[in-house]
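**Student:** Sequence:
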Amino acid sequence: MNESAVFWSRLLTELTLTFHIIYATIGVGVPLMIMIAQWVGMKKNDEHYILLARRITRGFVITVAVGVVTGTAIGLQLSLLWPNFMQLAGQVIALPLFMETFAFFFEAIFLGIYLYTWDRFDNQKKHMLLLVPVAIGASISAVFITIVNSFMNTPQGFEVVSGQLVNIQPLVAMFNPSMPTKVAHVLASAYMTSAFLLASIAAYRLLRGSNHPYYKKSLFLMMKMGLIFSIATAVIGDFSGKFLAEYQPEKLAAAEWHFETEEAAPLILMGFMDEEQNIKFAIEIPYLLSILAYGNPMAEVTGLNDFPEDEIPPLYIHYLFNLMVLIGTAMILVSVLYVAGVWRGWGFIHRPWFRWVTVLGGPLTIIAIEAGWWLAEVGRQPWILRGYMRTAEGATTSDQVDLMFILFCILYLVLGIGSVVVLRRMYRLNPIEREIEDRMAEMKGVGR
Numbered sequence: 095m096n097e098s099a100v101f102w103s104r105l106l107t108e109l110t111l112t113f114h115i116i117y118a119t120i121g122v123g124v125p126l127m128i129m130i131a132q133w134v135g136m137k138k139n140d141e142h143y144i145l146l147a148r149r150i151t152r153g154f155v156i157t158v159a160v161g162v163v164t165g166t167a168i169g170l171q172l173s174l175l176w177p178n179f180m181q182l183a184g185q186v187i188a189l190p191l192f193m194e195t196f197a198f199f200f201e202a203i204f205l206g207i208y209l210y211t212w213d214r215f216d217n218q219k220k221h222m223l224l225l226v227p228v229a230i231g232a233s234i235s236a237v238f239i240t241i242v243n244s245f246m247n248t249p250q251g252f253e254v255v256s257g258q259l260v261n262i263q264p265l266v267a268m269f270n271p272s273m274p275t276k277v278a279h280v281l282a283s284a285y286m287t288s289a290f291l292l293a294s295i296a297a298y299r300l301l302r303g304s305n306h307p308y309y310k311k312s313l314f315l316m317m318k319m320g321l322i323f324s325i326a327t328a329v330i331g332d333f334s335g336k337f338l339a340e341y342q343p344e345k346l347a348a349a350e351w352h353f354e355t356e357e358a359a360p361l362i363l364m365g366f367m368d369e370e371q372n373i374k375f376a377i378e379i380p381y382l383l384s385i386l387a388y389g390n391p392m393a394e395v396t397g398l399n400d401f402p403e404d405e406i407p408p409l410y411i412h413y414l415f416n417l418m419v420l421i422g423t424a425m426i427l428v429s430v431l432y433v434a435g436v437w438r439g440w441g442f443i444h445r446p447w448f449r450w451v452t453v454l455g456g457p458l459t460i461i462a463i464e465a466g467w468w469l470a471e472v473g474r475q476p477w478i479l480r481g482y483m484r485t486a487e488g489a490t491t492s493d494q495v496d497l498m499f500i501l502f503c504i505l506y507l508v509l510g511i512g513s514v515v516v517l518r519r520m521y522r523l524n525p526i527e528r529e530i531e532d533r534m535a536e537m538k539g540v541g542r
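Letter by letter, the sequence shown follows residues 95 to 542 in my numbering.
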């Protein structure tokens with residue numbers, strides 16, 4: 095084992111996943127938002143929603159292009175940085191990896207057709223039908239890549255003979271115990287994050303002085319979608335807690351700083367831990383951890399002291415869990431207030447301070463997504479394939495990984511800055527006011 099190679103391999107993989115997950119989340123969630131916007135526009139015969147779908151699609155293409163590059167980097171790094179893991183488990187994860195690629199191309203083909211057939215259908219319903227395979231392809235792509243991750247957490251569907259995986263049953267391996275909750279949580283959180291990101295853009299434009307109905311409608315629609323999917327994410331998160339209690343109790347105990355096995359276990363929120371593992375300034379809620387883990391306030395929850403010391407995940411995942419839950423809860427509250435405020439006519443939701451809260455919701459949900467994925471990956475440590483191969487055992491022994499890290503840092507910096515510059519320029523040069531004027535003139539010309 096080359097400790098330096100292990101360190102840089104882990105660091106580069108973390109960097110790549112952290113950067114990629116932004117574009118992957120947008121890639122999964124935005125197609126559904128586009129389809130909903132166009133459907134609402136046709137249902138209400140409202141051109142603003144049609145244009146919303148059109149404008150989102152243009153920006154979405156840019157994020158897809160970047161996502162392709164970062165996704166390719168992940169595949170490359172699996173082979174270069176984790177060759178021992180791929181040698182052991184490659185035959186098992188090959189099928190979902192192939193299916194993920196197939197789903198992406200399926201999505202990309204119909205996205206291209208959808209993008210280049212605007213105004214070429216007399217019946218807009220036919221054009222909207224092209225979005226169905228785009229949304230399905232994006233979601234199915236996420237399903238298959240998440241299956242790979244879930245297999246790493248709860249591997250099954252094979253036998254181990256002389257250190258090799260044999261008698262592999264691909265479908266059994268794919269439909270492993272963590273697959274249902276992990277896939278559902280990834281999809282719901284991607285839809286939620288995309289909705290709040292689009293809502294934050296609309297709120298920002300309103301703050302900048304634009305009082306156009308387009309942005310007001312966009313904000314209301316996306317806040318409603320964000321509310322629906324944030325509640326769904328929270329509900330699925332509860333199921334995830336019960337899954338962890340049964341299949342990865344050490345991860346649950348580490349995330350909750352639960353050291354002693356006990357009944358009626360309390361839930362520890364916030365706080366911090368010193369070097370002697372003394373917990374300070376935390377909020378302790380009686381019985382809640384037992385309820386979260388088993389749905390029973392008197393249930394016994396296994397503590398960290400019952401696990402081998404070298405199999406306990408890093409305890410800082412508690413902060414990641416708290417950050418994820420805090421942001422998710424805050425966004426449910428913000429979206430409830432906004433949607434209820436529109437329906438009830440509350441004036442404060444139009445105040446600048448509340449608009450700024452809505453604007454911050456977009457970046458905050460991205461942070462929550464990052465915290466969730468860090469929690470999932472760091473919480474699996476020290477395993478790369480839980481129970482079979484440790485992370486250090488799966489890594490390369492090359493001395494050049496630090497150089498790769500620098501090169502990929504440069505690549506991600508260029509991609510990140512480039513995508514932001516292109517998107518800002520695209521929308522700044524074609525504001526909604528001008529596009530609506532051009533659209534009206536075009537429709538009048540057709541009418542003549």
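Keep in mind that the hints are not guaranteed to be accurate.
Said to hold, decoys possible - Okay, derived cross-link-like pairs now, SDA-like style, lysine to any residue, Cα gap no bigger than 20 Å in a straight line:
1) Lys311 with Phe215
2) Lys318 with Phe442
3) Lys311 with Glu97
4) Lys336 with Val430
5) Lys138 with Phe215
6) Lys318 with Arg438
7) Lys310 with Thr151
As the list claims (entries may be wrong) - Label-pair ranges, simulated between beta-carbon atoms:
8) Leu109 with Arg518: 55 to 63 Å
9) Trp133 with Phe333: 52 to 60 Å
10) Pro476 with Phe375: 24 to 32 Å
Read the hints as simulated data drawn from the structure, not as lab findings. Note that CB positions come from ideal geometry on N, CA and C, so glycine has one too.
**Student:** Against this structure, judge whether each hint is valid.
**Tutor:** Each hint, compared with the structure:
no.	hint	result
1	Lys311 with Phe215	violated, 25 Å
2	Lys318 with Phe442	holds, 18 Å
3	Lys311 with Glu97	violated, 54 Å
4	Lys336 with Val430	violated, 27 Å
5	Lys138 with Phe215	holds, 18 Å
6	Lys318 with Arg438	holds, 15 Å
7	Lys310 with Thr151	holds, 19 Å
8	Leu109 with Arg518: 55 to 63 Å	violated, 24 Å
9	Trp133 with Phe333: 52 to 60 Å	violated, 29 Å
10	Pro476 with Phe375: 24 to 32 Å	holds, 29 Å
The earlier numbered hints that this structure contradicts are 1, 3, 4, 8 and 9.
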